[in-house]
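> Below are the chains, spelled out letter by letter.
There are 2 protein chains.
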Amino acid sequence: MQALSLVDSAFLWMETRNQPMHVAGLNIYSPPPNAGPHFIAKLLADWGQHLSARPPFNRRPVLRLGLWQWEEDKEFELDYHLRHLALPQPGRIRELLAIVSRLHGNLMDRNRPLWEAYVIEGLPGGRFATYIKIHHALVDGVSGARIMAQSLSRTAAESKPPLWAQRFSQYSGDAHASAPAGLIAQLAGAVRAGREILPGVGSGLLDMLRVGQGGKASALPFQAPATPFNVEISGSRRFAAQSYSLARFKRIGEAAGATVNDVTLAICAGALRKYLEVQKALPKKPLIAMVPVSLRGESDAGGNQVSLLLANLATNLRDPLKRLARIVQSTSEAKDRLGSMPRLQKLAHGITSIAPMGPAMLTGSARQHPTFNVIISNVPGPRETLFLNGARLDEVYPVSIPTQYLALNITISGYGDSLGFGYIACRRSVPALQRMLDYTDEAILELERALAIKPPARKRVAPRKAK
Amino acid sequence: MQALSLVDSAFLWMETRNQPMHVAGLNIYSPPPNAGPHFIAKLLADWGQHLSARPPFNRRPVLRLGLWQWEEDKEFELDYHLRHLALPQPGRIRELLAIVSRLHGNLMDRNRPLWEAYVIEGLPGGRFATYIKIHHALVDGVSGARIMAQSLSRTAAESKPPLWAQRFSQYSGDAHASAPAGLIAQLAGAVRAGREILPGVGSGLLDMLRVGQGGKASALPFQAPATPFNVEISGSRRFAAQSYSLARFKRIGEAAGATVNDVTLAICAGALRKYLEVQKALPKKPLIAMVPVSLRGESDAGGNQVSLLLANLATNLRDPLKRLARIVQSTSEAKDRLGSMPRLQKLAHGITSIAPMGPAMLTGSARQHPTFNVIISNVPGPRETLFLNGARLDEVYPVSIPTQYLALNITISGYGDSLGFGYIACRRSVPALQRMLDYTDEAILELERALAIKPPARKRVAPRKAK
Numbered sequence: 001m002q003a004l005s006l007v008d009s010a011f012l013w014m015e016t017r018n019q020p021m022h023v024a025g026l027n028i029y030s031p032p033p034n035a036g037p038h039f040i041a042k043l044l045a046d047w048g049q050h051l052s053a054r055p056p057f058n059r060r061p062v063l064r065l066g067l068w069q070w071e072e073d074k075e076f077e078l079d080y081h082l083r084h085l086a087l088p089q090p091g092r093i094r095e096l097l098a099i100v101s102r103l104h105g106n107l108m109d110r111n112r113p114l115w116e117a118y119v120i121e122g123l124p125g126g127r128f129a130t131y132i133k134i135h136h137a138l139v140d141g142v143s144g145a146r147i148m149a150q151s152l153s154r155t156a157a158e159s160k161p162p163l164w165a166q167r168f169s170q171y172s173g174d175a176h177a178s179a180p181a182g183l184i185a186q187l188a189g190a191v192r193a194g195r196e197i198l199p200g201v202g203s204g205l206l207d208m209l210r211v212g213q214g215g216k217a218s219a220l221p222f223q224a225p226a227t228p229f230n231v232e233i234s235g236s237r238r239f240a241a242q243s244y245s246l247a248r249f250k251r252i253g254e255a256a257g258a259t260v261n262d263v264t265l266a267i268c269a270g271a272l273r274k275y276l277e278v279q280k281a282l283p284k285k286p287l288i289a290m291v292p293v294s295l296r297g298e299s300d301a302g303g304n305q306v307s308l309l310l311a312n313l314a315t316n317l318r319d320p321l322k323r324l325a326r327i328v329q330s331t332s333e334a335k336d337r338l339g340s341m342p343r344l345q346k347l348a349h350g351i352t353s354i355a356p357m358g359p360a361m362l363t364g365s366a367r368q369h370p371t372f373n374v375i376i377s378n379v380p381g382p383r384e385t386l387f388l389n390g391a392r393l394d395e396v397y398p399v400s401i402p403t404q405y406l407a408l409n410i411t412i413s414g415y416g417d418s419l420g421f422g423y424i425a426c427r428r429s430v431p432a433l434q435r436m437l438d439y440t441d442e443a444i445l446e447l448e449r450a451l452a453i454k455p456p457a458r459k460r461v462a463p464r465k466a467k
Numbered sequence: 468m469q470a471l472s473l474v475d476s477a478f479l480w481m482e483t484r485n486q487p488m489h490v491a492g493l494n495i496y497s498p499p500p501n502a503g504p505h506f507i508a509k510l511l512a513d514w515g516q517h518l519s520a521r522p523p524f525n526r527r528p529v530l531r532l533g534l535w536q537w538e539e540d541k542e543f544e545l546d547y548h549l550r551h552l553a554l555p556q557p558g559r560i561r562e563l564l565a566i567v568s569r570l571h572g573n574l575m576d577r578n579r580p581l582w583e584a585y586v587i588e589g590l591p592g593g594r595f596a597t598y599i600k601i602h603h604a605l606v607d608g609v610s611g612a613r614i615m616a617q618s619l620s621r622t623a624a625e626s627k628p629p630l631w632a633q634r635f636s637q638y639s640g641d642a643h644a645s646a647p648a649g650l651i652a653q654l655a656g657a658v659r660a661g662r663e664i665l666p667g668v669g670s671g672l673l674d675m676l677r678v679g680q681g682g683k684a685s686a687l688p689f690q691a692p693a694t695p696f697n698v699e700i701s702g703s704r705r706f707a708a709q710s711y712s713l714a715r716f717k718r719i720g721e722a723a724g725a726t727v728n729d730v731t732l733a734i735c736a737g738a739l740r741k742y743l744e745v746q747k748a749l750p751k752k753p754l755i756a757m758v759p760v761s762l763r764g765e766s767d768a769g770g771n772q773v774s775l776l777l778a779n780l781a782t783n784l785r786d787p788l789k790r791l792a793r794i795v796q797s798t799s800e801a802k803d804r805l806g807s808m809p810r811l812q813k814l815a816h817g818i819t820s821i822a823p824m825g826p827a828m829l830t831g832s833a834r835q836h837p838t839f840n841v842i843i844s845n846v847p848g849p850r851e852t853l854f855l856n857g858a859r860l861d862e863v864y865p866v867s868i869p870t871q872y873l874a875l876n877i878t879i880s881g882y883g884d885s886l887g888f889g890y891i892a893c894r895r896s897v898p899a900l901q902r903m904l905d906y907t908d909e910a911i912l913e914l915e916r917a918l919a920i921k922p923p924a925r926k927r928v929a930p931r932k933a934k
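Chains as they are written, first to last, in the working numbering: chain Y, 1 to 467; chain S, 468 to 934.
The hints are simulated quantities; they were obtained by calculation from the structure and are not laboratory data.
Certain hints may be false.
Once the Cα atoms are required to be at most 35 Å apart in a straight line, the calculated DSBU-like pairs of lysine-lysine come out as [to be verified]: (1) Y:280 to Y:322; (2) S:541 to Y:285; (3) Y:280 to S:541; (4) S:789 to S:752; (5) Y:322 to Y:454; (6) Y:335 to Y:280; (7) Y:322 to Y:335; (8) S:741 to S:752; (9) Y:42 to S:509; (10) S:541 to Y:284; (11) Y:285 to Y:454; (12) Y:454 to Y:274; (13) Y:454 to Y:335; (14) Y:250 to Y:454; (15) Y:74 to S:541; (16) Y:454 to Y:280; (17) S:741 to S:789; (18) S:627 to S:741; (19) S:752 to Y:74; (20) Y:274 to S:789; (21) S:751 to Y:74; (22) Y:160 to Y:42; (23) S:789 to S:747; (24) Y:74 to S:747; (25) S:752 to S:802; (26) Y:285 to Y:160; (27) Y:160 to Y:274.
These stretches of chain Y come out as covered by chain S in the derived footprint (C-beta under 8 Å, 3 or more residues) [to be verified]: (28) 75-88; (29) 234-240; (30) 372-386.
Values in this document were obtained by computation on a predicted structure and should not be read as measured data.
Where is the CB? At the ideal position from N, CA and C, for every residue including glycine.
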């Protein structure tokens, strides 16, 4: 029995049917060259041997004396968590993303450990996917991506036990008892922040942030415009995903004097601008993105440890280079502030960690005056090629959380030489999400043209797109 | 805009993650002999033409002034409701039922019309299934089964529009305005009953039922024993299903002087007795089943209109013939009472309609003193063979609702010469549900042996069983 931190438990408290609080990873694999027709069956039979789960995959939440606690599930049933699916014909990425859209809209059963692992067969050429869904109370996006990568092998010859059967140092034993002092301090900060934020909530903390920003109000507006993304959401989801060559982003960054992160934000900004233009809903003021920043060191314990910065996406600017320059200015000022203000940083930790619960909690009147318009999260991923029982991992896509008044979330995961963009949205308030993939293409080409970079031949690195 | 009756809206109020309130039908089809490899694709393309839905499939619930109302979904999105799935290898009924178990545990999105239609390909020999899930607030099990049957064709040559695009007289226009006077009276009764039952609730209505039963307490005990089925439930489900020849049930009934309904109850009783024996949890007192009885006439409007009887399942008796005789006595007494007591009938209507919300509402202390132990529902089905765009309907299985303190529900649907048994249970509190299928087999054989009826050769009509 182990109490959840206030931040982690907030993900349970704030969860509703319209606002499930899980994150997921969609991985696409190529079978090994010598794989027979029973490769998936063998993989599942192999995984099926691991009938018990290690932390955190054996923990279910129980409410005791008004506090959420983790307890070990004594009736752990692997058959419930491990699920075999097949794509219907014609088995394109389109069918895969339709299934992921549905799976991501389903609430998990809180009577069991809060994760589900799907093996999805039926892509052309024997390719297959895994979609692994974990509650945000159990892991944040960064630790989720990290343990998923850790669970895979670095060579085709090696096989490891499945995710739930591996020992992850950050979750071994009683995470909180073994946590370093810094974490305890952070948790105390989160508790302090949580106390002030959770019930009722005004913009008190934001006022503190505002004070903290000094005289640079122009670069960091806390008053974001109203957009179609900042509305109440429904319980259904649409997921769209596509991979791009990291080299293209790097070339743009080198030519424009920007980091890959800034280029990524600029490309999202271009896509968002186009989407809103087509929807006839582009506001005159620039969109503001909330960009999570990990505070995690390699040796830290599990749980949620992130800070944030707010980036001006300059969607009001037509010129893609001016837009990128404005973003660079905005994020570098924000990073300066983060580095120089430990007190703010601690508070921001608490705010950010619960930010996926919606800016309404922070501002009280999100629709009229959203704090920010969209979350854009760049999750670090593995650089080297990874394998699952000999199958090569080809593509990695994060699937994050839309929330009340934040109907769209863009999360990007690096893997090897590519960046996997995952757009997840409320299916009702963000119509035609799949068009965002075309607009992302266009935003990259637009920057390349402006910088006189020759775009690659029409053959994209991974032109796998779908609604 | 149309207000829900109190009974229908109660299904929305009482729904939780652990207690979803939808019913479903699982149909299994054989493709026509001349079907090419694209039969399913053509079926889906055909259905995909019907982009708008008719009542009740275009209605979404909205809460106005504290009352649930139906309103037309102006942004109806067929692509959300119509879903294409495929069975993973080896594509047995086992894999089908594993998928249905999962789908049935998911809450629907209340921002949309409360139904989902799945076409599931990949059974051997080109067979396929449909699993159609509808919220109990939209239709009860009987009208659901009826409109599903109505939506199919009586000849292989005929094709009809899909379920959601057909006009059903019972839902045309404003159901309540066009309802006959009898329905208005029933609704008023339901409202009266609902007012007394819904908040707080004592056993007041049950006391009235007790008074109504006169001196025959021995045959209709309102105090059912504690069993493993009468516990709090989780949000995960297990579905098990199997079909039997109606002729076998008829032969048993003729030999023993019992109706098919009574034989069905006796077979369930035999299976339940064996299951509880193996679980070392067979109570000394007999289990009590709640058996819904439809009050619906052919011309009635939609909604929920059922009454109930409580049947003594005589699970304390080892002898299968004595058990059957006791069940016959119990149900005939209950029917006599139903027929002679119009006032009781009206109240029972209200009670029954919300009974799936759990006997705890009726008794207040269901765990110690359940009112009844299990719901066994025999849904009338079509006698003639039905077709879907030329594909023959082979098997029909209802999938009903486990609730708090009623962790197991058995619903049986007649179709042609067979009876489809659908066992649906909380996956956590009713372990090894699939064994119930073996015990059902044994219960039939036990009765046949006792009555010296020669059982059919080992080849069963539809020996499709799985967990």
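> Which of the listed hints are not met by the structure?
The structure breaks hints 15, 18, 20, 26, 27 and 30; every other hint is satisfied.
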